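Colleague: What follows is each chain in one-letter form.
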Amino acid sequence: MRSLDRINDYVNLVCRQIRWKKAHNRISEEMLNHITDGRDSYIARGLDEQAATEKAIADTGDAMIVGTEFDRVHRPKPQWSMFAWVAGFLLLGIFISVLVFDGTDISRRLLWTAIGAAVMLGAYFADFTLLGKYPKRVFFGAALTVWAVFFFYPWFDIGPITVHLPRLFESQPLHTTQVLALILPIAFVPVIYIAKNKKYWGLISSLLAYGLLCLIAFSAPALSGFVHFAIIGMVLLIIAVLKNWFGVNRAIGILLVFVPYVIILAFMIVVYAQGSWIATRISAVLNPHSDPMGFGFVAIQVRELLNNAVLFGEGAAPVVFPQAWFYSDFILATVINRFGWLAFAIFMGVLLLFMGIVISRCTKQKSGLGFFASIAIALTFFVQIFMYVIFNLGFTITHISLPLISPGNFAMVINMGLIGFMLSVFRTGDAFVDKNVIPSTKQSDIFSWHNGKLTINFKMKAE
Amino acid sequence: MASEKNIISGNTTMLVLKLLETKNMYGYQIIEELSNKSEDVFHLKTGTLYPLLHGLENDGMVNSYDENADNQRVRKYYQLTGKGKGLLEKKQLEWTQYTKAVNLVLEEGESYAFA
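Chains A and B, in that order, give the protein sequences. Per the working numbering, the first sequence starts with residue 1, numbered consecutively. Per the working numbering, the second sequence starts with residue 464, numbered consecutively.
Okay, chain A solo, but in the shape it has when bound (with noise of 0.2 angstroms):
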């Protein structure tokens, strides 16, 4: 028996006492370089092949034992405190409906959680490493579906039929569409996996992806999901570059990271700040008051909810909207009003101590697919709190919700899915070295590119 096929099958029976599939490929790489160097070695000292490779493999020890021994050490790891933060969240979402909204539409969210919660359970056994393995069709899939959604929104023409699209998308029609946009950055990451230590084009093609996903977002009904995609993306990239991800120099690489985003930015300020809406809005932000009948509207009676707030118990409440308007949008001004600014401040504590704990978790990834990916999810939820923090503080730009606490149908179950495929990360990350995931190549592909090589296939076969 060749000497690589005695060590592979020494090998592949320690790995099948190992219950965990997925730490198999780790272990036998490990193992196999290991026993291989020991033969090497006794072929040094004068034995031949075959003597040396039983001898290596004698070393190791028996193969059940140290099978077994692996199996110990080797376990996914349940998030059951995680779920218990998730849990906590939710339930404070449901108190607060009750307690400060009188149990407002309570049937719906919670029929919403339980859908949300399915979904949660069902992305945290999925594998993640599917973002690695076929990164552009994630890529591309999600970006799409999320265009198709965005631009074809509520109905379509198909020739001479018009397709209404499903109640689901009509009863809410901009926040059922825009959550989408919390899907990209997750679909962004394979951009950025795939483009490991490809240099400058590396950073240039996920720049170009970064771009594309920008303007998918802008094409929503709102500006929201194109402000939170802004944001996160560039923050990826940035942390990329740091990262030393793409291989080049760090000032060039974060300069190529700002340029087209000063860029846009000047482009959309130039373009669309003469009498735009955009102008409008950012200016009723700044001073509500220039526009008290309009966009500045709202964040007027926001301030003033919150300068009728106390330190502790509730304030003066004068209330404009109409409930169900608050209730989705202006959670936490209600709660500030109702119990006041030291609630707001344990509330924020909370939360703090919440991403803390997630962003050291993230950090703690050993591979990189795993790392981009929980940050990717990480910030998509951050960026959400953030935005609804400053939107319910009076400065009306944007929001999508508040993560699990806000009730909105569609963003709950969304999000909660993306929760689940981040805790799928922590509890399976520990297995993949990024090598271990090696994008799928189509054999019947004419060109294929692969390890800086590419391929002309002449004998491709006709399907």
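Note that these hints are calculated values from the structure, not bench results. These numbers come from a predicted model, not from an experiment. By construction, the Cβ of each residue, glycine as well, lies at the ideal position given by its N, Cα and C atoms. Certain hints may be false.
[Said to hold, decoys possible] Derived lysine-lysine pairs resembling DSSO-like cross-links, with alpha carbons at most 30 angstroms apart:
#	chain 1	residue 1	chain 2	residue 2
1	A	Lys77	B	Lys553
2	A	Lys366	A	Lys21
3	B	Lys548	A	Lys243
4	A	Lys22	B	Lys508
[To be verified] Take a look, some chain B residues computed to stay more than 10 angstroms from chain A by CB distance:
#	residue
5	Asp503
6	Val504
7	Lys539
8	Leu556
9	Glu570
Position chain B against the provided structure of chain A, taking the given hints into account.
Modeller: Coordinates of chain B only, in the frame set by chain A:
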């Protein structure tokens, strides 16, 4: 010798961490270094070392990284973390207390033997 090797099995963690304190090493190198430094007294089996290293990595005591070897293979190197240094100091203290206690008993035994 057999009884001394039983003692080492309970302190393998300490010896591995001590080796990593001096420099980052890959698995085969750890086994070779341990054998050389102990003058061939300690021969750590591969099947003992790697589960130990992986367990230490899960607990944050060591980190690992890949590096290309001369023979085109990729070697996984291990390095000690700050948390690992703390564990090493704790283990060394326990060992010092243990050996002191053993020596005290042995000295007592000698004095009784020659009394």
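Colleague: Can you confirm whether the C-alpha distance between Lys548 of chain B and Lys243 of chain A stays at or below 30 angstroms?
Modeller: holds (25 angstroms)
Colleague: Measure nothing beyond the straight line between the CA atoms of Lys366 of chain A and Lys21 of chain A; if it is 30 angstroms or shorter, mark the hint as holding.
Modeller: holds (18 angstroms)
Colleague: Was Lys539 of chain B rightly flagged as not at the interface, with every chain A Cβ beyond 10 angstroms?
Modeller: violated (6 angstroms)
Colleague: Against chain A, does Asp503 of chain B hold up as non-interface, every C-beta pair farther apart than 10 angstroms?
Modeller: Holds, since 14 angstroms exceeds 10 angstroms.
Colleague: Does the claim that Val504 of chain B lies off the interface hold, with its Cβ farther than 10 angstroms from every Cβ of chain A?
Modeller: holds (16 angstroms)
Colleague: Holds or violated: Lys77 of chain A with Lys553 of chain B, Cα cutoff 30 angstroms?
Modeller: Measuring from Cα to Cα gives roughly 27 angstroms; hence the hint holds.
Colleague: Does the claim that Leu556 of chain B lies outside the interface with chain A hold up, using a Cβ gap greater than 10 angstroms?
Modeller: holds (26 angstroms)
Colleague: Need the status of pair Lys22 of chain A, Lys508 of chain B: alpha-carbon distance at most 30 angstroms?
Modeller: holds (24 angstroms)
Colleague: For Glu570 of chain B, is the shortest beta carbon distance to chain A beyond 10 angstroms?
Modeller: holds (38 angstroms)
Hint 7 from the earlier list is the only one contradicted by this structure; the remaining hints agree with it.
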